[in-house]
Amino acid sequence: MTQVATRSAAAPAVAGPAPRFKRGREAAVGWLFVAPFVVLLVAFLLLPMAYALKLSLYRSTLIEGEHFAFFENYTQAFNDPLVREGVVRVILFGLVQTPVMIGVALLAALLIDHATSRFSRFFRLAAFVPYAVPVVIGTLMWGFLYSKDTGPLSAVLHVDFLSSNVVLASLGNVVTWQWAGYNMIVLYAALQGLPREVYESARIDGAGPAQIAWRIKTPMISSAIVLATLFTILGTLQFFTEPLILQPLNPGSITAHYTPNVYAFNQAFSFQQYNYSAAISFLLGAVVFVGSYVFLFATRKRSAL
Amino acid sequence: MNVRNFSVRRSAAAVVAAVTALTLAACSGGSDAGADKTDGPVTVKVWAWYPSFQKVVDLYNSTHTDIKIEWTNAGAGQDEYTKLQTALKAGKGAPDVVMLEFQELPTYQLTKHLVDMGKYGANDLKSSYVDWAWKQVSQGDKVYAIPVDAGPMAMLYREDLFKQYGLTVPTTWDEYKAQAEKLKTASGGKAFMTDFGGNDGGFMTGLMWQAGSKPYTYDPSNPSTIGVSVNDAGAKQVATYWEGMVNSGLADTKAYGTTDFYNGLGSGKYVTYLAAGWGPGYLASVAKTTSGKWRAAPLPQWTAGANVQGDWGGSSFAVTDQAKNPEVATKVAMDIYGAKNTEAWKIGIDEAYLFPTATPVLESDAFLKKKYDFFGGQTVNDIFVPAYKQISPFAWSPFNSYNFNQLTTGINGAIEKKTSWTAALDTAQANIQQYATQQGFKVQ
Chain A
4 MTQVATRSAA APAVAGPAPR FKRGREAAVG WLFVAPFVVL LVAFLLLPMA YALKLSLYRS
64 TLIEGEHFAF FENYTQAFND PLVREGVVRV ILFGLVQTPV MIGVALLAAL LIDHATSRFS
124 RFFRLAAFVP YAVPVVIGTL MWGFLYSKDT GPLSAVLHVD FLSSNVVLAS LGNVVTWQWA
184 GYNMIVLYAA LQGLPREVYE SARIDGAGPA QIAWRIKTPM ISSAIVLATL FTILGTLQFF
244 TEPLILQPLN PGSITAHYTP NVYAFNQAFS FQQYNYSAAI SFLLGAVVFV GSYVFLFATR
304 KRSAL
Chain B
17 MNVRNFSVRR SAAAVVAAVT ALTLAACSGG SDAGADKTDG PVTVKVWAWY PSFQKVVDLY
77 NSTHTDIKIE WTNAGAGQDE YTKLQTALKA GKGAPDVVML EFQELPTYQL TKHLVDMGKY
137 GANDLKSSYV DWAWKQVSQG DKVYAIPVDA GPMAMLYRED LFKQYGLTVP TTWDEYKAQA
197 EKLKTASGGK AFMTDFGGND GGFMTGLMWQ AGSKPYTYDP SNPSTIGVSV NDAGAKQVAT
257 YWEGMVNSGL ADTKAYGTTD FYNGLGSGKY VTYLAAGWGP GYLASVAKTT SGKWRAAPLP
317 QWTAGANVQG DWGGSSFAVT DQAKNPEVAT KVAMDIYGAK NTEAWKIGID EAYLFPTATP
377 VLESDAFLKK KYDFFGGQTV NDIFVPAYKQ ISPFAWSPFN SYNFNQLTTG INGAIEKKTS
437 WTAALDTAQA NIQQYATQQG FKVQ
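From first to last, the protein sequence lines stand for chains A and B. Residue numbering for the first sequence follows the working numbering, beginning at 4 and increasing consecutively. Residue numbering for the second sequence follows the working numbering, beginning at 17 and increasing consecutively.
Hints listed in this document are in silico derivations from the structure and should not be mistaken for laboratory results. Treat the hints loosely; a few may be bogus.
Subject to a maximum C-alpha distance of 27 Å in a straight line, what follows is the list of computed BS3-like cross-link-like pairs (lysine-lysine) [stated by the list, open to error]:
{"#": "1", "chain 1": "B", "residue 1": "Lys206", "chain 2": "B", "residue 2": "Lys304"}
{"#": "2", "chain 1": "A", "residue 1": "Lys151", "chain 2": "B", "residue 2": "Lys433"}
{"#": "3", "chain 1": "B", "residue 1": "Lys386", "chain 2": "B", "residue 2": "Lys362"}
{"#": "4", "chain 1": "B", "residue 1": "Lys285", "chain 2": "B", "residue 2": "Lys193"}
{"#": "5", "chain 1": "B", "residue 1": "Lys304", "chain 2": "A", "residue 2": "Lys151"}
{"#": "6", "chain 1": "B", "residue 1": "Lys385", "chain 2": "B", "residue 2": "Lys198"}
{"#": "7", "chain 1": "B", "residue 1": "Lys84", "chain 2": "B", "residue 2": "Lys340"}
{"#": "8", "chain 1": "B", "residue 1": "Lys230", "chain 2": "B", "residue 2": "Lys405"}
{"#": "9", "chain 1": "B", "residue 1": "Lys230", "chain 2": "B", "residue 2": "Lys151"}
{"#": "10", "chain 1": "B", "residue 1": "Lys387", "chain 2": "A", "residue 2": "Lys151"}
{"#": "11", "chain 1": "A", "residue 1": "Lys151", "chain 2": "B", "residue 2": "Lys309"}
{"#": "12", "chain 1": "B", "residue 1": "Lys385", "chain 2": "B", "residue 2": "Lys84"}
{"#": "13", "chain 1": "B", "residue 1": "Lys135", "chain 2": "B", "residue 2": "Lys158"}
{"#": "14", "chain 1": "A", "residue 1": "Lys57", "chain 2": "B", "residue 2": "Lys128"}
{"#": "15", "chain 1": "B", "residue 1": "Lys151", "chain 2": "B", "residue 2": "Lys128"}
{"#": "16", "chain 1": "B", "residue 1": "Lys340", "chain 2": "B", "residue 2": "Lys128"}
{"#": "17", "chain 1": "B", "residue 1": "Lys158", "chain 2": "B", "residue 2": "Lys433"}
{"#": "18", "chain 1": "B", "residue 1": "Lys198", "chain 2": "B", "residue 2": "Lys356"}
{"#": "19", "chain 1": "B", "residue 1": "Lys135", "chain 2": "A", "residue 2": "Lys151"}
{"#": "20", "chain 1": "B", "residue 1": "Lys387", "chain 2": "B", "residue 2": "Lys179"}
{"#": "21", "chain 1": "B", "residue 1": "Lys356", "chain 2": "A", "residue 2": "Lys151"}
{"#": "22", "chain 1": "B", "residue 1": "Lys304", "chain 2": "B", "residue 2": "Lys151"}
{"#": "23", "chain 1": "A", "residue 1": "Lys57", "chain 2": "B", "residue 2": "Lys135"}
{"#": "24", "chain 1": "A", "residue 1": "Lys151", "chain 2": "B", "residue 2": "Lys151"}
{"#": "25", "chain 1": "A", "residue 1": "Lys57", "chain 2": "B", "residue 2": "Lys105"}
{"#": "26", "chain 1": "B", "residue 1": "Lys356", "chain 2": "B", "residue 2": "Lys309"}
{"#": "27", "chain 1": "B", "residue 1": "Lys193", "chain 2": "B", "residue 2": "Lys362"}
{"#": "28", "chain 1": "B", "residue 1": "Lys387", "chain 2": "B", "residue 2": "Lys356"}
{"#": "29", "chain 1": "A", "residue 1": "Lys151", "chain 2": "B", "residue 2": "Lys158"}
{"#": "30", "chain 1": "B", "residue 1": "Lys198", "chain 2": "B", "residue 2": "Lys285"}
{"#": "31", "chain 1": "B", "residue 1": "Lys304", "chain 2": "B", "residue 2": "Lys179"}
{"#": "32", "chain 1": "B", "residue 1": "Lys386", "chain 2": "B", "residue 2": "Lys142"}
{"#": "33", "chain 1": "B", "residue 1": "Lys206", "chain 2": "A", "residue 2": "Lys151"}
{"#": "34", "chain 1": "B", "residue 1": "Lys198", "chain 2": "B", "residue 2": "Lys230"}
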């Protein structure tokens, strides 16, 4: 809006054909500025997506070769019990994982925001370190910790962390460990941006630290919380790396169709079903898109996004 | 989960395929000048994951002035196949010569990505290989790969622990189970007779092969018809036997290749290891501390006095349709681990633990009479070589990744949920039939 206002205000000052010429040049310069982004967007997002969309509309069989199949792959995906199993699993996972993740991150952020000692700085860094460890390495490390015979955790707790009843929770633990610190920093940064006077007046009104944290700080950073929640939901729906890495440790509990993304990966790269894989991926993409839109719509008053 | 890549771009796994293809294509440019008629040696690109392969390549390059091997380790097994499939589909970026396991050959033959090496003289080698091994890589005069190593099976066991627990070396599977029961009592349930790797399709297939299972009837010269019977009597016999072993706590079920599995081999938790021909060297490298305590014995039999064997693993060199000069590539595939290349085989046997398929190498003193310190000086190849010669021909499907996946998913699921193993095979059978029909095969 401001841009339009400025431009319409500036326009009358220049007379004759000059404005049109200037505007053309302005547009060209503008395009030049966004060109790096546009090129990357087209080359690495739009073109591959278009290619994948095309793939998903074809069907290629070992014997009969490739033919146009309209939405046959999509129909198959809708009726595939393995896809359904994966979708149900990630939804269940998301329902538990998202509140846990955001709860942990929010609690940690509020604590280090309240404390100002040297310890809080150390804690902030320590909580953030897991995020700096590459996902693959972090997951492998947890794989060792979860090991039933050699891992230290089983020796104490007598639980097989990779058995089919427990493995989803074990994976959730890895994800929380990896990402809670990251979300904490997002929320902490938002807390740092709040005006301090509000706390002071709350304190004068008799609010304790807990009340300030819950009734003042938390509502004021709601847009950051919504953002972190959105990222977490998107991540859980596309759950991929952790199950893929831990799969060899117990393929009986982490199957080749454990999550929709793992399934799509295996369809393409283990079974050469590139077309079907593309269809599953597009379906998942649609679910993620709709899911995030619904979430943003439901929280629009709080998030201002 | 990866929050950084939250946008839709992550939604399409196929996007990765496209990007990988682009990258591979980009990588392949510029380095293929070798095939042109220049003065220097012809460059042949080889993908392989044999251990110590660098030495074999160095040896080859130092003894050849006209050909130069450019070696890439593109990952072991499925990792390499994933890259190969992508490169073949992209039509660019595949090597000239590629290492393929026997069970993968029909997959690549069907998609016509392998060169018939028979046209370039590969049939001259036929007499150097036993019948079943040559049949794994050829149909009639058409040769699609040169066999390198194989995996005849035997039972490796801890001699010291057998003594300690008062066990005798079993010769049949019934005896094997009886000894396992004795072991369970004697060790108070601490030791297992072995570990059953339900995650290893090759291992399970090897055992089923021995039991006479013929999961596929498939002739690559008539590629659109296939017979599927992964739940036949032989397969079910093996499944029932091991279901009993596992459920009575006689065999452990740690996935092969995991820390817990290695740990069990080294700690005495497992007193036998059902191994392939490459197993002795493999065991020596993963359970170093137990050196000198192991011995080898023939694989137990289903019928007393019989000598029926199966194979677990084995690999070959094939020439891809992207080879610039298929004739030179064939020559390389034939020579790297050629039957007369004793220097290369010395590296292959002593350092890469390969079990050679070429008869001259197999029967050489260097192999047959090689004493293994790890096995207390036993000449273990005495056990493996006769087993190798007893293996019967075996047909693989042209979709083995799916086949192994169904087998391992079924058995692993049955182990995990304590459900019937034979029912798991029935499910696999139904799934594979459906898959084959979808792929356009006439399923018999």
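Structure-based check of all given hints:
Our distance criterion of 27 Å between C-alpha atoms is met by Lys206 (chain B) and Lys304 (chain B), whose separation comes to about 21 Å. A hinted pair counts as satisfied when its Cα atoms are at most 27 Å apart, and Lys151 (chain A) with Lys433 (chain B) qualifies at roughly 17 Å. Distance restraint check for Lys386 (chain B) and Lys362 (chain B): the Cα-Cα separation of roughly 11 Å lies within the 27 Å cut-off, and the hinted pair is therefore satisfied. This hinted pair checks out: Lys285 (chain B) and Lys193 (chain B) have alpha carbons roughly 16 Å apart, not beyond 27 Å.
Using a Cα cut-off of 27 Å, the hinted pair Lys304 (chain B) and Lys151 (chain A) holds, with the two alpha carbons roughly 22 Å apart. Pair hint Lys385 (chain B) plus Lys198 (chain B) does not hold up; C-alpha atoms about 34 Å apart against a cutoff of 27 Å. Only pairs whose Cα atoms come within 27 Å are accepted, and Lys84 (chain B) paired with Lys340 (chain B) is accepted, the gap being roughly 14 Å. For the given pair, Lys230 (chain B) sits about 19 Å from Lys405 (chain B) by alpha-carbon distance, which is consistent with the 27 Å threshold.
As the CA atoms of Lys230 (chain B) and Lys151 (chain B) are separated by approximately 15 Å, the hinted pair is consistent with the 27 Å bound. With a CA separation close to 36 Å, the supplied pair Lys387 (chain B) and Lys151 (chain A) exceeds the 27 Å bound. For a cut-off of 27 Å, the pair hint linking Lys151 (chain A) to Lys309 (chain B) stands: about 26 Å separates their Cα positions. Proximity of Lys385 (chain B) to Lys84 (chain B) is assessed by CA-CA distance (about 34 Å); at most 27 Å being required, the pair is judged violated.
For the hint linking Lys135 (chain B) to Lys158 (chain B), the alpha-carbon distance of about 8 Å falls within 27 Å, and the restraint holds. About 24 Å separates the Cα atoms of Lys57 (chain A) and Lys128 (chain B), which keeps this hinted pair within 27 Å; it holds. A hinted pair counts as satisfied when its Cα atoms are at most 27 Å apart, and Lys151 (chain B) with Lys128 (chain B) qualifies at roughly 18 Å. Between the alpha carbons of Lys340 (chain B) and Lys128 (chain B) the distance comes to roughly 16 Å, so the proposed pair stays at or under 27 Å and holds.
The hinted pair formed by Lys158 (chain B) and Lys433 (chain B) fails the criterion: a straight-line CA distance of about 45 Å is larger than 27 Å. Pair hint Lys198 (chain B) plus Lys356 (chain B) does not hold up; C-alpha atoms about 48 Å apart against a cutoff of 27 Å. Restraint check: the Cα-Cα separation between Lys135 (chain B) and Lys151 (chain A) comes to about 54 Å, which exceeds 27 Å; the hinted pair is violated. Distance check on the hinted pair: Lys387 (chain B) and Lys179 (chain B) sit about 22 Å apart at the alpha-carbon level, within 27 Å; holds.
Pair hint Lys356 (chain B) plus Lys151 (chain A) does not hold up; C-alpha atoms about 48 Å apart against a cutoff of 27 Å. At most 27 Å may separate the alpha-carbon atoms for a hinted pair to count; Lys304 (chain B) and Lys151 (chain B) exceed this at roughly 36 Å. Between Lys57 (chain A) and Lys135 (chain B) the alpha-carbon distance is near 38 Å, which puts this suggested pair outside the 27 Å criterion. At most 27 Å may separate the alpha-carbon atoms for a hinted pair to count; Lys151 (chain A) and Lys151 (chain B) exceed this at roughly 43 Å.
A C-alpha spacing of about 16 Å is found between Lys57 (chain A) and Lys105 (chain B), which places the hinted pair at or below 27 Å, so the restraint holds. Distance check on the hinted pair: Lys356 (chain B) and Lys309 (chain B) sit about 34 Å apart at the alpha-carbon level, beyond 27 Å; violated. Straight-line distance between C-alpha atoms of Lys193 (chain B) and Lys362 (chain B) comes to about 38 Å, which puts the hinted pair past the 27 Å bound. A distance of roughly 22 Å separates the Cα atoms of Lys387 (chain B) and Lys356 (chain B); the hinted pair therefore holds under the 27 Å criterion.
About 49 Å separates the Cα atoms of Lys151 (chain A) and Lys158 (chain B), which puts this hinted pair outside 27 Å; it is violated. Restraint check for Lys198 (chain B) and Lys285 (chain B): satisfied, since their Cα atoms lie roughly 15 Å apart, inside the 27 Å limit. Distance restraint check for Lys304 (chain B) and Lys179 (chain B): the Cα-Cα separation of roughly 20 Å lies within the 27 Å cut-off, and the hinted pair is therefore satisfied. Under the criterion of a C-alpha separation no larger than 27 Å, the hint pairing Lys386 (chain B) with Lys142 (chain B) is consistent with the structure, at around 26 Å.
Among the hinted pairs, Lys206 (chain B) with Lys151 (chain A) is consistent with the structure: their alpha-carbon atoms are about 14 Å apart, no more than 27 Å. Distance check on the hinted pair: Lys198 (chain B) and Lys230 (chain B) sit about 33 Å apart at the alpha-carbon level, beyond 27 Å; violated.
Violated hints, in rising order: 6, 10, 12, 17, 18, 19, 21, 22, 23, 24, 26, 27, 29, 34; the structure is consistent with all others.
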